[in-house]
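There are 2 protein chains.
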Amino acid sequence: MGNQQVFASIITIGDELLIGQTIDTNSAWIAQELNKIGIWVHRRVAVGDVWEDIVKSLNEEMHLSEVILITGGLGPTADDITKPLLCQYFGGKLVVNEEALANVKNIFENILKRPLLERNLKQAEVPDVCKVLQNKRGTAPGMWFEKEGKIFVSMPGVPHEMKGMMSQSVLPALKDIFKMPPIIHRTLLTAGIGESFLAERISDFEAQLPSNIKLAYLPNYGMVKLRLSARGRSEKLLAELEAEFDMLKSKVSDVLVVDEDLSMQQVIGRILNQKNKTLGIAESCTGGYISHLITSVPGSSSYFKGSVTSYANEVKEDVLHVDPQVIQAYGAVSRETASQMVRGTLRVLKTDYALVTTGIMGPHGGTAEKPTGTVWVGVGSADKTETHHFLFRFDRQRNMELTGTHGLNVLRKFILHDDGG
Amino acid sequence: MGNQQVFASIITIGDELLIGQTIDTNSAWIAQELNKIGIWVHRRVAVGDVWEDIVKSLNEEMHLSEVILITGGLGPTADDITKPLLCQYFGGKLVVNEEALANVKNIFENILKRPLLERNLKQAEVPDVCKVLQNKRGTAPGMWFEKEGKIFVSMPGVPHEMKGMMSQSVLPALKDIFKMPPIIHRTLLTAGIGESFLAERISDFEAQLPSNIKLAYLPNYGMVKLRLSARGRSEKLLAELEAEFDMLKSKVSDVLVVDEDLSMQQVIGRILNQKNKTLGIAESCTGGYISHLITSVPGSSSYFKGSVTSYANEVKEDVLHVDPQVIQAYGAVSRETASQMVRGTLRVLKTDYALVTTGIMGPHGGTAEKPTGTVWVGVGSADKTETHHFLFRFDRQRNMELTGTHGLNVLRKFILHDDGG
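Chains as they are written, first to last, in this note's numbering: chain X, 1 to 421; chain V, 1 to 421.
These are calculated hints, taken from the structure and not from any lab test. Ideal Cβ positions, reconstructed from N, Cα and C, are used throughout, including at glycine. Errors might be hidden in some of the hints.
List of simulated lysine-lysine pairs, DSS-like, C-alpha gap at most 25 angstroms [stated by the list, open to error]:
#1 X:K225 x V:K122
#2 X:K225 x V:K113
#3 X:K136 x X:K175
#4 V:K249 x X:K370
#5 V:K113 x V:K150
#6 X:K350 x V:K350
Just so you have them, the derived chain X footprint on chain V, three or more residues with Cβ under 8 angstroms [claimed, not checked]:
#7 189-198
#8 235-242
#9 245-258
#10 262-272
#11 333-346
#12 402-416
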């Protein structure tokens, strides 16, 4: 096929998406992967397990996009109507696919070690008008249909099954068919500046951008990602994008975390690995959230030794050796307690750096003097301790997230400016 | 208005949703809240910051639904075109709203303590054909339009701003206009049984359900929620729903976690509060994730004392007093190490119960003997220690989530069956 823009639509099927019990994480992943092979997502639509709503969406999206990716509705329960619907929509009849059947049997006999049920056997049935996409991570096969020059792919809604099928079958096939020039991105991460201040600061830059390079703001948990995008692979375009990206970087140098599409915790891991240093954490108000972020990064065991969630004052005293009189005099949420938590963490976990948090996340526990959202972050090394005060004003979950972001940024700056003395 | 079904559509606007940088969590929350007042979400559509795509979606959804809720695209940056578009679509012109202006000024002067920029002042402009919804949590006001008997509401995409506006203005107004009988739900949570086995087990129950009561399966992280729904508020319907729910409960009694719409960590918190007991955790492979789940529940400080993330063996030995020879002989991922971690956690954190995890989450670290996905969970009290072996077979993130779910379920059963001796 030619070189014009290829559009995709994503249709997600399932009542659970419309009653708010399930958050759709599949669509974001699919969009990212399609972008990498030069396909742009035009629309995403979520519909319930309702025959006419699904048919309507198929009809609508096929007029908008060349590729229609469908997830969900393929499970073994009675509310899953997608397969018979697609079978009728594309004019086929259901037949058993031997390879899919062998897969279902294998999963039940060798992995789940449970008896195979009639309804599981039905999962091996597919319309005889589709190309079957084998599911190496589950029982429901995927289905590839073509109609009036448009491609329709139906996949399971279970994220790791869908991802396996996309990576192994769908993306390679789409790449082969469309041969699109890729969409190239250059992304940087800023922290400590709001979206509108950032926009004001780079408004001249934005105004002079050539029309073939697009700028996007991606705010997230107190950080903002800025991304430049262009389509193509020519040397000239790459050089042009690189020059614009350099200019953008110079405009935000004081708030720049990293000039790649990385998370704050990935950046910290990279710096620690480079310096060959270790990290320990003590969390009071964040309750394990920061450790969870750090350990979400594969390979984090090379620099992260561990953490103490000292929710109770007793744990601050017994495990982190915070002086009970300090807690008594200044409170658990104080500069003094944060500072002692830093020293205790370094001593107990025997690490080069320590990050600690103590604060009031809400909805309960705030006072006039220390309202909900009051946070002390502490950071330190063998010969230095720093404390920082924050006041957030949101709900519990968001206060935890913001404490995590700001705490990690304090840590990052501390490590970067530490001379290793 | 009458008593027929009221449908809503949700339109989310923003390129970030189509390139996969942002996961849409707003829609699920909105759907839940609409459900409570008897409004059913018919479709959700995500479109980019593209004028004709937004207009097309407005046109399409107004033919499907009585209420069209629009989020996103109201920020202060140049890629946000929603407000001028809506102004033109509904035939108005932009005027300064004094109350919104006072709000913007107040936020900058008293909360952010930063100079106000020209582009922030623009946020106080609204079309003169809408009812303005004040934003108490941010600078962008919401807008309520009516056209051809349909209601269109535009709100900011920032979750806590949208939620505030929905709760304070939109939901009360919709409730007042439509006066719908509520959708009533009865939900239970199961753990330890797959969706298809559950479906097989309750297929007779499902077949006999009256047509006015719907059953939904909501699988999530190794657990399945089952929900019965009906519309109305009559005594007869409530009694009917209750009787069906009792029957459903009896079918799943052995895998039932709770007969309310609660999370596993909420259930554990409730049991601990009832028993007046405390919990401590030691996490190796889950790296803080389980502590994060536990502390996400407001009020968890009354039963959760703290945790140790013992990522490095040194921390297992130094802080949790695991015998180095045990780690040497059996490995950090072993029944013996898990068992010693339980004893150490009880001793160091001085709690009534302890939950510990140690395992290999991937992608690296697996061996032939202990493949990626190998997990030991330990649980204990003063006079008893239990260990459980699991083998998951997914990616790092999912293995962490499944370890969290199964670990918490092991803990829940242990506490329930503990006689407090």
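We went through each hint and held it up to the structure:
As the CA atoms of X:K225 and V:K122 are separated by approximately 23 angstroms, the hinted pair is consistent with the 25 angstroms bound. For the proposed pair X:K225 and V:K113, the alpha carbon gap of about 23 angstroms is at most 25 angstroms, so the pair holds. Restraint check for X:K136 and X:K175: the C-alpha separation of about 21 angstroms stays at or below 25 angstroms, so the hint holds. A threshold of 25 angstroms between alpha carbons decides the hint, and for V:K249 with X:K370 the separation of about 45 angstroms lies outside it, so the pair is violated.
A hinted pair counts as satisfied when its Cα atoms are at most 25 angstroms apart, and V:K113 with V:K150 does not qualify at roughly 40 angstroms. The suggested pairing of X:K350 with V:K350 holds, with an alpha-carbon distance near 22 angstroms, which does not exceed 25 angstroms. Note: the segment 189-198 of chain V has 4 residues with beta-carbon separation from chain X under 8 angstroms; the three-residue rule is met and the coverage holds. Only when three residues or more bring their CB closer than 8 angstroms to a CB of chain X does the claim for the segment 235-242 of chain V stand; here the count is 0, and the claim is violated.
Using a Cβ-Cβ cut-off of 8 angstroms, 0 residues of the segment 245-258 of chain V lie near chain X, which falls short of the minimum of three, so the contact claim is violated. Judged by the Cβ-Cβ criterion of 8 angstroms, the segment 262-272 of chain V is not covered by chain X as claimed, because only 0 of its residues qualify and three are needed. Counting residues of the segment 333-346 of chain V whose CB lies closer than 8 angstroms to any CB of chain X gives 0, which falls below the minimum of 3, so the coverage claim is violated. Three residues within the 8 angstroms Cβ limit are the bar, and the segment 402-416 of chain V against chain X gives 0, so the coverage statement is violated.
The structure shown violates the earlier hints numbered 4, 5, 8, 9, 10, 11 and 12.
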